[in-house]
Amino acid sequence: ETGVTQTPRHLVMGMTNKKSLKCEQHLGHNAMYWYKQSAKKPLELMFVYNFKEQTENNSVPSRFSPECPNSSHLFLHLHTLQPEDSALYLCASSPTGTNQPQHFGDGTRLSIL
Amino acid sequence: GDSVTQMEGPVTLSEEACLTINCTYTATGYPSLFWYVQYPGEGLQLLLKATKADDKGSNKGFEATYRKETTSFHLEKGSVQVSDSAVYFCALLYSGAGSYQLTFGKGTKLSVIP
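Quick mapping for you: the protein sequence lines, in order, are chains E and L. Positions 1 to 113 (the working numbering) are the ones given, in order, by the first sequence. Positions 1 to 114 (the working numbering) are the ones given, in order, by the second sequence.
Hints in this document: simulated from the structure, not taken from any laboratory. Treat the hints with caution; some may be incorrect.
[As the list claims (entries may be wrong)] Here are the computed distance ranges between Cβ atoms for each label pair: (1) E:69 / L:61: 23 to 33 Å; (2) E:3 / L:78: 27 to 37 Å; (3) L:111 / E:44: 18 to 28 Å; (4) E:98 / L:40: 44 to 54 Å.
Backbone N, C-alpha and C fix where the C-beta goes; we use that ideal spot for every residue, glycine too.
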């Protein structure tokens, strides 16, 4: 039980499809994050939200579109993805404005055909 | 900017062997330091943390000491088990853009064989 739940766990999609990844946290945190984990590369921070407001966009292509309707939910909308976007996408949450660690979900394994 | 460098893997050990995974950092100020572990098919789990110099984090037999003089946070375990096979990430927490953000090392894959 991580407290951060991601769905789906696995997703296969074509380059012209549109899909969304969902993240939900039950920890009472106000900061949420999307990371990309590719083989043989360090974890890449994609987006940061604090109190539903985006505070960081780490030069992510516009084919990735995040949405944070409330402090407990975070989405990543995907469209017109490329094969190099195949990766594990991890969601995390933490209390805002503290030096407490982030709590991660188990990720969505995304494969682009 | 702040960064973390950890030893490249993979590391293969026999059960009950000693483990050390080196981690050094570059940072302005005094970041908090963490070790995360990722088991196959799962996300990252916090293994241990240290928030100031000379702090020792420990959990599940693993230990790491925050060494300001050598800017290091090496992960150690005296006797590894097969169940410790995983990828280990060193990370530091820094303040940026109105929030605290993690920067990770590249990860070290540990395989423990019976």
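Right, here's what the structure says about each hint:
no. : hint                     : in the structure
1   : E:69 / L:61: 23 to 33 Å  : violated, 41 Å
2   : E:3 / L:78: 27 to 37 Å   : holds, 30 Å
3   : L:111 / E:44: 18 to 28 Å : holds, 25 Å
4   : E:98 / L:40: 44 to 54 Å  : violated, 31 Å
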